[in-house]
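Asks: The residues making up each chain are set out below.
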Amino acid sequence: MKLTLKVWRQKNREAKGAFETHQIDGISPDMSFLEMFDVLNEKLINEGKEPIAFDHDCREGICGTCSMFINGRPHGPKRGITTCQLHMRSFQDGDTIVVEPWRAGPFPVIKDLVVDRSAFDRIIASGGFVSVNTGNAQDANSIPVAKEDADDAFDAAACIGCGACVAACKNASAMLFVSAKMSQLAHLPQGQPERRRRALAMVAQMDKEGFGNCTNTYACEAECPKLISVSNIALMNREYLGATVKSDE
Amino acid sequence: MELKSNIPEGPLAEKWTRYRSSVPLVNPANKRHLEVIVVGSGLAGASAASTLAELGYKVKVFCFQDSARRAHSIAAQGGINAAKNYQNDGDSTYRLFYDTIKGGDYRSREANVHRLAEVSGNIIDQCVAQGVPFAREYGGLLSNRSFGGVQVQRTFYAAGQTGQQLLLGAYSALMRQVGMGKIAMYSRHEMLDVVVIDGKARGIIARNLITGKLERHFGHAVLLCTGGYGNVFYLSTNAMGSNVTAAWKAHKKGAFFANPCFTQIHPTCIPVSGDHQSKLTLMSESLRNDGRIWVPKKKGDARPANDIPEDERDYYLERRYPAFGNLVPRDVASRAAKERCDAGYGVGPSKMAVYLDYASAFERYGQIEAAKQGLVDPDKETIKRLGKEVVKEKYGNLFDMYEQITGENPYETPMRIYPAVHYTMGGLWVDYDLMTTVPGLYALGECNFSDHGANRLGASALMQGLADGYFVIPYTIGSYLSKEISTKAIPTDHPAFEEAERNTQAQIDRLLNVKGSRSVDYYHKKLGKITWDKCGMARNEQGLKEAIGEIKALREEFWQNVRVPGDQHELNPELEKAGRLADFLELAELMCMDALHRNESCGGHFREEYQTADGEALRDDENFSYVAAWEYKGEAGYELHKEHLTFENIKIAQRSYK
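Chains as they are written, first to last, in this note's numbering: chain R, 153 to 401; chain A, 1274 to 1931.
Since the hints were made in silico from the structure, they are not lab data. We treat Cβ as the ideally placed atom computed from N, Cα and C, and that holds for glycine. Careful: at least some of the hints might be erroneous.
Stated by the list, open to error - Which stretches of chain A does chain R cover? Using the computed rule of at least three CB atoms under 8 Å from a CB of chain R, they are:
#1 1316-1330
#2 1448-1458
#3 1539-1549
#4 1677-1687
#5 1835-1841
Claimed, not checked - 35 Å max Cα-Cα, derived DSBU-like pairs, lysine-lysine:
#6 A/K1665 / R/K299
#7 A/K1665 / R/K230
#8 R/K195 / A/K1850
To be verified - Pulled a few chain R residues facing chain A out of the computed Cβ check, cut under 8 Å:
#9 H208
#10 T217
#11 A277
If we strip away everything but chain A, and leave its shape as in the complex, we get (with noise of 0.2 Å):
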């Protein structure tokens, strides 16, 4: 099978308008006829759901927790991109699009890219308009900071609740076409399969998570906007909940799965404090504005981070990387973490941490306020407390969760970070249209591979979770559904919805039987550890063989040992968990596979084979400048397609932030 993106043609620019102009309608009285499934009500779900509700379809959407406002968008601490030059400061279209390709390392396609450039405006003034409470500026206007691996500002924000205020919206618009009866909302359901008929997406199956029935539903297209894989490691800063199972049973059923590998270390994390941790929380990005990074310069340092004089300070990323300093995109700056750490620098009980320190921000607001309020001659501890207030004001929901798990006043001492896994740049194979390698499924958001290449920028996930659900599958969703008017709904006693709910009973019953003697949390935990030691920060060839190896033996050990207490026909947590384990234990294999084919450095695929001599990844873009898809067959493993990518619009250049 040849993988076609269906990229329109024309110059860079002009490819979405011309698409939008040419796209097939459907009038609005099929559009009534047209029935439409939306897993996930995240972002991605929640903005595409209401938006094809508002335009006449038939939506129903699914969720696995008990209202759609908790989907994991809401966590999403530090803001949302847009190429809006309120700042006046140089930024264009081009230049997020320059960004976000220089960024994803070379590794996406541009005309996805430029397309979610282009949307950017939109959808802040969508959010607006739903009463999103931005941050202003006194004047009333919106306000913008900066974020990692970019030199003007263009993040909006809400305090460090920027995807609780967006997802709210989303949400907000979601409940309106609910209360309207345009959408049908199925909570507490979990999506077990998807039903392909004639070779087309045509519905799914679904647990009721509640009474433990499994359920059968129509559509004449399926969207996927579930998420990121994250979980693979077990510990990441994504929900306990979140998973890869409605993405990889649509893997299992046709749809290819692009770049695993391609997995996103955060650099500003709370370190792991024990072996009972269960998640892992993020101190947004947008702390590395003010924050400075450092580790002592003498190895095993370990006096308080107070007592270590100014010029015994390493910081180790305004010396590398002189332009961008502690803005230095996520990849570079986890590295570079993990850099001084296995170095012998690291500090904090485990040594697997370095410092983020306030200290000069401090001094400097301070000094801006005591000029602003008129102060003569003030003295330090005044400068201080000053200083302190204001970043209060920008940061103090994050330094007050820093106290609250850590125990310890983030403004008094440094705060101790460490790198941790928080998004998935792979996901489902989809071409422009945002379509799988099946007709009539799609993928949105994080459950698709498309914008960001092999690193993501900070503030962008929101962007693209947004631009994909309000302004890109409501056209592009009509190029096939256009084709679908005179389809009837099918009824759900077709065999192949049979055959789909019969194969997930089997699995069901399957886990429920082995009754064996470990929990799922055992079983997870050792994938963790395997995932992270081996296909984390850092990979190279021979321990992603061995990975490979102990993925597999894992995953036998697990079905012939795993205890699934209770059953079918009840609230059952265990069994969810089990049901969603077992499919990362086999995505995890790919995951390493696609690691192991890749013999090249690029964003957050590092392979330690291939680096520079100052330690900087080393991409190889003649032999490995696409796109891989992953082809599953069964018993008989995986079959990798590659999309080549071409750049007609940007000249490639190693990647550098010095």
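Pulled out of the complex, with its shape left as it was, chain R reads as follows (with noise of 0.2 Å):
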């Protein structure tokens, strides 16, 4: 397959960026997104260039790492999957392809593709958790879960914390991901005892790092590698809402 790939460069974090465009040649439909940019990159360093700096690490699509925004959706254009299992069969011949970074306030780029995502660290920090230290747990099987709610809990904490939610929305909002560990915690009996406590947190957290709000354009779901629902988000808001009425914080 032979393309051309528009690419964001920017050096660092200060400077102005601007797309840049190669021709690429050689590529198979095996290969992955990521491969295909190995191959560039591997282009640009023979020919003395710099390569293109981007973020990925366990390529199997659940660190959560890699993050290209590619032509206009986080990605790609096939659902439920990350960047690094995108793989060049799902393009044609000739295409042109357009990469950018994560484009939102909270995640600032680092240089090229690369953003930093460490305002999610933050809000985790904040209240998504649970308050145990290591030593006080009882029995595993002492409280039983419903399958059903042990299920649901699994299908938010399915969240790789990729950003994806925020790149696709238009007010950069992380609600998606902030309702997703909320909601994982909601659904288990560990998480009651703290239930209004971080809702609270990690909303507070969340507004402080500027993330936008939800104006429920479900782009986030549309493009969630992880499929996660934004029914969370209304659970959240449920949360958020109990949690502030019944404060006396």
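Join the two chains, each given in its own frame, into one complex according to the hints.
Replies: Shown next, in the form of structure tokens:
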């Protein structure tokens, strides 16, 4: 396959970025999108040019590191997969492909296609946990959990924290990410004692990081590589409302 | 130097209990002044860091990823073992201990493995308390499944994403401590050296991967939780960034490296599709629960799988190992696949693959489901459809993954699989306390060598990582730190910090100044070919000798001709890769030396000269029942130290899964 790539280049956080165009040949349909980038970078290095920086690690769709905005969509044209799981058989010979970093205020560009997603870590640190020190636990089977609840918790917990939801949203809202964690813990008995505190703390941190609000376009769900449902956002709104009403903090 | 494993006295089953009751403690006021550096944020690192912070120590955590949540533990699929005996099928601490020692082909330390089995149940309790959504039955209790090398059901799981869920649990505990200000988190930082002062580990040199600046960090103790070195083979199931650098730098500062030749080749991975391949993808071992592995009986049979009739298929694992069948341990399953492919029975375009077939599982589950639904005389298609739905529920994400990568539908045609590098049992030598030969320097999880011998059983890596972090190090570190309570934090302008930073800087300058003509990947691929061909699933004396020569030559060429674009003071992935490859190029030589010196076959180490008449690994317990711990001697090479293994509680036998 022969392709034209228009790739965002930006030296660092402060620098002004621009698109750069590259022609690439000899791409096999069995390559992953990132392997196509490996080929391009190898070519750039051999030509004495700077390779394109991009985030990636596990290359099997679970670590959440890769983060390319491909032809206007996070993780490209296919539903329910990450960039590393996208294969070149999804494109046609001769295609022009535009590749950008996640674009959102709270995710500043570090270099080229690499962005800073540490805001997500700070949101988890604010309340995305059960406060249980090591050694405090009772026998694992002492609290039965209905299979349906465990399955719902799992579906929400499948979030990989890649940030595609934010990149997809015109408001750069992080509500799908935040609600997924809140929903996982709200579905489990272990999450109950801190439920209200968690909702207030995580929403406060989310706002502080500068993420926008949800206006129900559902772009996040459509682009989520793990198909996390927007019903979590509805749950989060209820959690937050309930917590505000009942809270005396 | 003599290796002291510091195994406590007493009967095996009481060692750990006695140890815990007698290990010196550090009082809470002193803990606040003791600083611990944790390198790596996977299961071992995150669990150790959070637990130590909960106890009151001052903790700093470093990871090269952009977030602690992305450590490669996240990719573990199948499950985590624990001797809970929830299934009432005869499991016990002793059985888990026994299975692990036997699975490791009698090359691990009894006391460590028994401790692992003892704490395994606590891990499940802790994870459930954190909100880890394990799979459950309709009654609300936890579900289990079987894994290779074992005849009980002791594996806990969360679909095919167990590692993800366990890591996110440990990560949430870690971030909770970060939020409370008790852990300082340094993501996008790579450790490049250990600082040793007066013979003790006292800190690290780390590079901030965004600014490129070298930083000095002091710690009363340093914990390496940096994973395995599988990427020495270039193609592996490891993440692209997984590397040996932290462990290797520690090795060069005095930590012995144990059993580097014990590497695990996982039997069920998606086959290589071409030269562009950057990594391999595992299909969880849990698939062997229900799938059947076969090749055609006729050599070079080119018919599509579905056109080959039942009686022309060779279910070679069931044929060779009737007792364990498709659930033999990984090393056995991998070698059997290689044997069939080398003999000309392989399938697929490359002929280097075997089938993993779900047709009989569809039928079996379909019949159960039809009976449940009260269908009378359902036709074949209905049974198949129902069976597929059940399989989808159990393994759906794995089947989807297969389809994305290969473009083939595994519900319609059998999957093609082939073994790939997956895990490294070797690693830094540690004593019972998990301390390396450098006082104050610890190694946890895959980074150490201690629990899996020559072959790891499935679902045991997650168990070991979390055991080390949650339940072992919080006790054993007290033995060392209780003697450090009057040690003040050492300022980082100490000459040892200066020297370590100078050496690190010199290596970076050297890499950037070669300005040669070949990329880092070019050399990494070459190294991978040498190690896979000559130190992979099967090894022999001649090949290993050749490999050592080839690796030396490649290393020389690398340092004369590598091209690292860009500079130090920016995000520079090529520079990161170059530094890691430089260390792999050294480790690879030691790995081959270790494989060459071990004149026996055991577990994942299969020396072609040492096999039984029917092709099984032939151990030599008389001469090789020891841990090979290598000491770095600079230009002079490596010196071998032996820790002899004694088995007081298990009778050593030839491992048989027939």
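Asks: Now tell me, hint by hint, if it's right for this structure.
Replies: Status of the hints after comparison with the structure:
no. : hint             : result
1   : 1316-1330        : holds (count 4)
2   : 1448-1458        : holds (count 5)
3   : 1539-1549        : holds (count 3)
4   : 1677-1687        : holds (count 3)
5   : 1835-1841        : holds (count 3)
6   : A/K1665 / R/K299 : holds, 17 Å
7   : A/K1665 / R/K230 : holds, 20 Å
8   : R/K195 / A/K1850 : holds, 17 Å
9   : H208             : holds, 6 Å
10  : T217             : holds, 5 Å
11  : A277             : holds, 4 Å
Checked against the numbered hints listed earlier, the structure breaks none of them; every hint is satisfied.
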